[in-house]
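Enquirer: The primary structure of each chain is shown beneath.
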Amino acid sequence: MKKFLALLLALAMVFSVTACGGGGGDDGEKVIKIGLCQPMTGSMAASGTYSKQGVDLAIQQINDAGGLDIGGEKYTVELVVQDNEGKTDVTINAFNKLIGDDKVTAIIGTNSSGTTKAAGPLATEAKVPVVATTATAADVTQVGGEYVFRSCWIDPYQGYLAAKMAYELLGLRKGAVLFNNADDYSTSIKDVFVESFEEMGGEVMTQAYAGADVKDFKAQLTAIDEFDGEFIFIEAQAAEIPLPIQQIKELGMDEMLLGAASWDSELLPELAGADNIEGSYFISTFSPQSQDPLAVEYVAAFQEAYDNLPNNQSTMSYNAMMIIADALERCGTLDDPEALRDAIAATDIDLPSGHLVFDENRDPQVTGNVLTYENGTPVFIQTIS
Amino acid sequence: MQQIKKLFYRNGKSYFSYVMIPVLFLVLMAAFQLDLINTYWQTIILLSGINGIVAMSLNLINGITGQSCLGQAGFMSIGAYVSAMCTKLVFDGFMTSGFSSYLFFIISLLIGGAAASLIGLLIGIPSLRLRGDYLAIITLGFSEIIRVAWRVIPPAGRAMGLNTIPKLSTLPMVFISVVIVMLVLRNFTNSRFGRSCIAVRENELAGETMGINTTRIKVLAFVLSAFIAGVGGGLYAHMMTFINPDTFNQIKSTDMVLYLYAGGVGSFSSALLGATVFSFLPEVLRSLGEWRLVIYSLSLVLIMINRPKGIFGKHEFGFMRYGEPENIHMKAENSGILSSLFQKLAYRRRKAERAPAAGKGDQ
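Taken in order, these protein sequences are the chains called L and V.
Counted from 1, the first sequence has number 220 at position 220 by my numbering; the numbering is strictly sequential.
Counted from 1, the second sequence has number 88 at position 88 by my numbering; the numbering is strictly sequential.
Calculated from the structure, these hints are not laboratory results.
Everything numeric in this text was worked out from a predicted model, so none of it was measured.
Glycine included, each C-beta is placed from N, C-alpha and C at the ideal position.
You may find that some hints are simply not true.
Partial list, derived from the structure: chain V residues whose beta carbon lies under 7 angstroms from chain L [as the list claims (entries may be wrong)]:
id	residue
1	I37
2	T39
3	N163
4	F242
5	Q250
6	T254
7	E290
8	Y296
9	S297
Work out the full structure, taking the sequences as your base and the hints as a guide.
Expert: Rendered as structure tokens:
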């Protein structure tokens with residue numbers, strides 16, 4: 001019995017400590033609450049941590065500059081974080097908590113298409129705008145409803161940018177495609193790449209595919225080799241790219257290698273071999289090497305705060321916070337969710353990753369970056385849109 | 001409390017719990033309708049009811065029949081997908097008014113449950129001839145097969161899942177489903193078949209010598225359990241309005257086992273209460289951030305160390321015992337962490353009352 005009481009008391013203490021932490025610090029200042037819903041635990045916990053770093057940096061910058069000016073009054077921004085464990089049902093609980101209990105003005109998150117699709121309709125029903133960070137599947141904003149936005153590009157758009165890079169920037173005219181037909185992400189980007197590339201006047205000579213968990217790509221690669229094209233566009237999840245690259249080099253093929261955002265991985269040079277990817281080109285939403293003055297400033301601030309370079313997730317989260325802050329200042333009121341939604345839809349700002357406006361589907365029209373691997377590190381070439 | 005309870009005694013039976021069902025329903029209904037609790041807590045209440053249904057269905061296999069099933073999420077997903085496809089694709093045109101949409105929702109739930117029980121029959125017939133742990137492994141594998149199958153079936157939306165499912169799992173639907181499931185399980189357990197299930201649990205060989213076709217009984221319990229889990233899955237799909245194959249992964253099955261064993265295996269009421277407590281706990285602890293999962297797991301370990309019987313033991317609600325009061329042997333046999341705590345407190349109080357009296361006698 002005593003043990004039980006001791007346990008209860010310990011729990012009560014933990015609660016009171018957190019309560020103090022949350023309640024202190026507002027001396028009559030006006031506070032605006034923004035929710036962040038990301039996987040802080042579970043298999044995608046790293047992604048949630050990166051996201052929070054980006055948002056924290058944005059909020060720090062906003063508050064250091066004196067807060068948000070909404071309708072002539074200054075507000076400081078307070079972040080409320082709810083963990084979704086990367087699960088759909090927990091995301092729904094977390095969104096309900098943010099909307100019903102924490103009463104946030106807007107929500108940032110989540111990082112995946114499935115969870116955003118699950119919880120998006122809730123937010124639309126409650127008229128709380130959501131800006132997802134890296135939910136890239138094409139239909140996320142349609143399913144979510146008219147209050148769901150995102151700061152990242154969508155999968156098909158990536159395919160289009162990759163085709164443009166191949167045709168216009170690199171001057172390639174004919175090549176082959178290798179993709180994973182068991183994966184939604186891979187297939188949808190591949191479809192748009194082929195379609196756009198042929199529309200521009202190029203020729204995709206063959207489309208080879210492998211299923212999930214394939215380790216030996218030699219059969220597909222030999223078939224591609226027979227066509228003798230100028231390039232191979234390899235589109236798959238980050239973990240599935242290194243093996244085909246290694247095997248291409250083992251077979252002595254000399255086509256130029258192209259890729260999409262999944263190539264932007266710190267582990268790729270190590271896993272695929274830095275020599276093997278030398279001179280390959282890929283597109284990415286954001287490059288820390290970008291020469292854009294806003295990007296340079298952002299990367300410096302991020303490095304100062306966290307001692308490492310910002311990745312895609314941090315940057316998209318930073319962007320999401322900046323989009324919301326910008327819309328709040330333009331809308332000038334906190335009482336009208338429809339005005340806030342319209343303000344977000346009318347966003348027209350410069351962000352570290354480039355200029356951003358939303359289209360009629362609430363998907364951003366952003367610029368992409370073309371990068372190439374030199375000595376195992378990605379080197380920024382130019383932006384593309 | 002005791003005074004009120006006494007009001008409902010008739011012929012040695014207590015009707016208190018029967019009366020409490022509509023009272024609880026009205027209280028919850030009022031709280032929902034008048035917005036005394038916000039949508040966040042409303043969702044969790046509904047979720048704990050649905051988890052309770054699935055945990056109770058699991059109790060039929062694990063607690064009553066003494067087999068071990070680790071694939072309840074598989075049955076749940078069949079019920080969820082089939083009923084969601086029914087309401088979204090098949091009955092969509094009929095669901096025009098409030099009444100007809102609930103009518104077709106109930107039909108869809110039953111179709112979903114029937115589909116789940118059909119699959120339960122298919123895997124039960126070959127696998128329930130086996131004894132012991134083999135069934136656990138088969139059900140584990142089966143739920144993974146189902147999950148992969150949904151990924152390749154086009155009407156189920158493949159890896160993307162189904163979205164914009166109509167939100168029909170309201171409080172009355174979930175509450176009434178819980179009550180009906182409990183009554184069905186109560187009557188089943190007290191029937192000839194249910195008693196045979198208990199015989200299989202206690203000693204399969206002895207049961208067989210008594211003339212029970214043990215395989216048939218196990219399949220029967222398995223099919224009924226799959227049906228109820230399927231209905232639970234259907235309710236889940238129409239509450240979440242979005243399902244994808246990964247919603248029903250191994251973690252979901254494990255969660256159900258957890259609800260059952262933390263609540264108290266062998267009792268339907270404890271399964272429901274366990275599901276309620278452990279659906280609420282992670283949400284109550286939400287303010288602790290990442291630490292909540294540590295405390296959640298720690299509390300589970302503590303519960304299991306203290307009492308393998310779970311928080312609520314094998315006690316049942318009064319109406320699950322047809323109003324028969326628990327005798328002293330049942331009380332001892334069924335005790336869980338909570339009831340043994342109460343017993344200890346009552347014992348101390350009695351001792352304290354007796355001690356001064358004894359002291360007076362000495363003088």
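Enquirer: For the restraint on V/N163, tell me whether the closest CB of chain L is nearer than 7 angstroms.
Expert: holds (5 angstroms)
Enquirer: With chain L as the partner, please determine if V/Q250 meets the hint condition of a C-beta pair closer than 7 angstroms.
Expert: Nearest chain L Cβ about 13 angstroms off; hint violated.
Enquirer: Does V/S297 meet its interface restraint, that is, does its C-beta lie within less than 7 angstroms of any C-beta in chain L?
Expert: Status violated, d = 11 angstroms.
Enquirer: Holds or violated: the hint that V/F242 contacts chain L, with Cβ atoms closer than 7 angstroms.
Expert: Since the shortest Cβ distance to chain L is 4 angstroms, the answer is holds.
Enquirer: Checking hints one by one. Is V/Y296 an interface residue toward chain L, by the C-beta closer than 7 angstroms rule?
Expert: Check failed: Cβ of V/Y296 comes no nearer than 11 angstroms to chain L, outside 7 angstroms.
Enquirer: Have a go at the V/E290 hint: is there a Cβ in chain L nearer than 7 angstroms to its own Cβ?
Expert: For V/E290, the interface hint holds, since the closest Cβ of chain L sits about 5 angstroms away, which is under 7 angstroms.
Enquirer: Please verify that hint: V/T254, Cβ, nearest Cβ of chain L, below 7 angstroms or not.
Expert: violated (13 angstroms)
Enquirer: Hey, does the V/T39 contact hint survive, CB to chain L under 7 angstroms?
Expert: With a closest approach of 5 angstroms, the V/T39 hint holds.
Enquirer: Tell me if V/I37 is really an interface residue toward chain L, meaning its C-beta lies closer than 7 angstroms to one of theirs.
Expert: violated (9 angstroms)
In terms of the numbered hints stated before, the structure departs from hints 1, 5, 6, 8 and 9, listed from lowest to highest.
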